[in-house]
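Trainee: Chain A is fixed; fit chains B and C onto it per the hints.
Residue numbers (our numbering), protein chains in the order written: chain A, 403 to 573; chain B, 403 to 573; chain C, 403 to 573.
FYI, nobody ran anything at the bench for these hints, they're computed from the structure.
Treat the hints with care, since some could be wrong.
You can't tell identical chains apart in this list, so a pair holds if it fits in one copy or across any two.
Unchecked claim - Once the Cα atoms are required to be at most 27 Å apart in a straight line, the calculated DSS-like pairs of lysine-lysine come out as:
{"#": "1", "residue 1": "486", "residue 2": "476"}
{"#": "2", "residue 1": "484", "residue 2": "418"}
{"#": "3", "residue 1": "415", "residue 2": "486"}
{"#": "4", "residue 1": "438", "residue 2": "563"}
{"#": "5", "residue 1": "515", "residue 2": "565"}
{"#": "6", "residue 1": "476", "residue 2": "498"}
{"#": "7", "residue 1": "438", "residue 2": "408"}
{"#": "8", "residue 1": "486", "residue 2": "438"}
{"#": "9", "residue 1": "438", "residue 2": "484"}
{"#": "10", "residue 1": "565", "residue 2": "438"}
{"#": "11", "residue 1": "408", "residue 2": "515"}
{"#": "12", "residue 1": "515", "residue 2": "438"}
{"#": "13", "residue 1": "515", "residue 2": "498"}
{"#": "14", "residue 1": "408", "residue 2": "476"}
{"#": "15", "residue 1": "418", "residue 2": "476"}
{"#": "16", "residue 1": "565", "residue 2": "415"}
It should be emphasised that the depicted structure is a prediction, and the values quoted were computed from it without experimental measurement.
Each chain, letter by letter, is given below.
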Amino acid sequence: MILQHKSLDFETKGNKATYFEIRQQCRDFVAETGVKDGILVVQSPHTTCAVFFEEMVHDVDALGDDFLCRDLNKGLELVFPKQKTYSDYYAYPGTKHFEFGAGRPGSELAKNKAILLNADAHLKATLIGSETTFIIRDGELLTGSFGYIYFVDFDGNRARKRKCNLTVMGV
Amino acid sequence: MILQHKSLDFETKGNKATYFEIRQQCRDFVAETGVKDGILVVQSPHTTCAVFFEEMVHDVDALGDDFLCRDLNKGLELVFPKQKTYSDYYAYPGTKHFEFGAGRPGSELAKNKAILLNADAHLKATLIGSETTFIIRDGELLTGSFGYIYFVDFDGNRARKRKCNLTVMGV
Amino acid sequence: MILQHKSLDFETKGNKATYFEIRQQCRDFVAETGVKDGILVVQSPHTTCAVFFEEMVHDVDALGDDFLCRDLNKGLELVFPKQKTYSDYYAYPGTKHFEFGAGRPGSELAKNKAILLNADAHLKATLIGSETTFIIRDGELLTGSFGYIYFVDFDGNRARKRKCNLTVMGV
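The shape of chain A in the complex, shown without the other chains (with noise of 0.2 Å):
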């Protein structure tokens, strides 16, 4: 069995969720390996990030985000709106959380406080899910000819690097 790692590294400029589509770098991952039949694991360590599976679109908005995923954002709002305020609509971040966070060495929320009203962002990401996996057969990640996986950091509070984690299992 052949199995090997790989993470995708993305930055985002902290003004809105993000989207990166990464079928072309799954692919490519996945014949690197030389994997024929197996599975390909796409998995994010961020809890404000998620993985799925969707349409290629052709048009985006003045945002620069692809058509279905600005719908997405639109429905996901209707769920868990942003949080704008602490302790409001949302019982998160509490006392103790925003007490830990601030007093990490060269914490950034200790400078700002507004960065982590994100609530929002982590309870999208749990809804779509932070791991999705792919089938490989005869080389081929079945994701049909239309079908793109899009890695996305909820979190628009603050510019992040981020990281996609890719694990390829198989014979």
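Mentor: Coordinates of chains B and C only, in the frame set by chain A:
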């Protein structure tokens, strides 16, 4: 290690979200592979389809849907209501995407523009997820006695031929 | 290849959605198996239960729920409100399903009909998902420092004994 693939084939009538209960087919495939311990990956290659785990129910509504599937439709409709018009509630499909779809050889879309109004189906599928993995232990798929496995196509705009991909890995 | 299974056992009191944080148990199991590179599959065999990845928090509400779990309840309740009456908002459970449940030997349902009013618990679990897979790399479970793993039973209608199944595959 044993690794085997299988595809299940389905046809929808294109009048509603269509649910297929596939637990027995999954169990039969696991038995065929001879795997006693490992995993079964159940993955949709279509972006309007999803895979999920839900209780066996005994009643169906007038459209033939299990009661929990009918109730699932109701909740998902609150988050992503059925798309009815071009570029109103949803940004999708967009001008370029429409032209791409209609321009493909033999495209059904060129004949019936309304079939692309399925933004809600894509987004409902994203919310539920394109894949679910199940554990195989001592030759048994760990669904419990009353856990069923569903493959669903949320696209009710046209009759479709659909595949659900299964992969067993284990010993 | 190493392949090992483990089950975690839980008891709920049947008064609310009950969350169990299981990251340390998952880490310990990975260490026991000796697997350095591979995957950990965390799967619920119960259809009112789900598995998800969420940030470590430090504050709990009056019911003992972590703040993000409490906030998750709030959003899920918008999509699938708590079932209160028989066949009102939800179609589930239905007459045949009720008779099936009540007719089983030693059925609690025969004594207390209201425990079957848990449509919302089934549907919330479907929305979150019955399983999440995590990558193991260099002996480490890729949750990041502040990522926790939760097993939840959304069924608050009765005290239940629940299992969460873990499988490690790798080298």
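Trainee: Against this structure, judge whether each hint is valid.
Mentor: Do the hints match the structure? See the list:
1. 486 to 476: both (17 Å within a copy, 16 Å between copies)
2. 484 to 418: both (11 Å within a copy, 26 Å between copies)
3. 415 to 486: Within one copy, since 19 Å is at most 27 Å while 34 Å is not.
4. 438 to 563: between (32 Å within a copy, 26 Å between copies)
5. 515 to 565: within (24 Å within a copy, 40 Å between copies)
6. 476 to 498: between (31 Å within a copy, 21 Å between copies)
7. 438 to 408: Classified as both: same-chain Cα gap 17 Å, cross-chain 15 Å, threshold 27 Å.
8. 486 to 438: So residue 486 and residue 438 fail the 27 Å test inside a copy (48 Å) and across (42 Å) alike.
9. 438 to 484: Neither: 43 Å inside a copy, 39 Å across copies.
10. 565 to 438: both (25 Å within a copy, 20 Å between copies)
11. 408 to 515: neither (34 Å within a copy, 42 Å between copies)
12. 515 to 438: So residue 515 and residue 438 fail the 27 Å test inside a copy (49 Å) and across (38 Å) alike.
13. 515 to 498: Result: close within a single copy only, 13 Å intra versus 42 Å inter.
14. 408 to 476: neither (32 Å within a copy, 36 Å between copies)
15. 418 to 476: Close inside one copy (13 Å) and across copies (23 Å); limit 27 Å.
16. 565 to 415: For residue 565 and residue 415, the Cα distance is within 27 Å only inside one copy (15 Å; across copies 39 Å).
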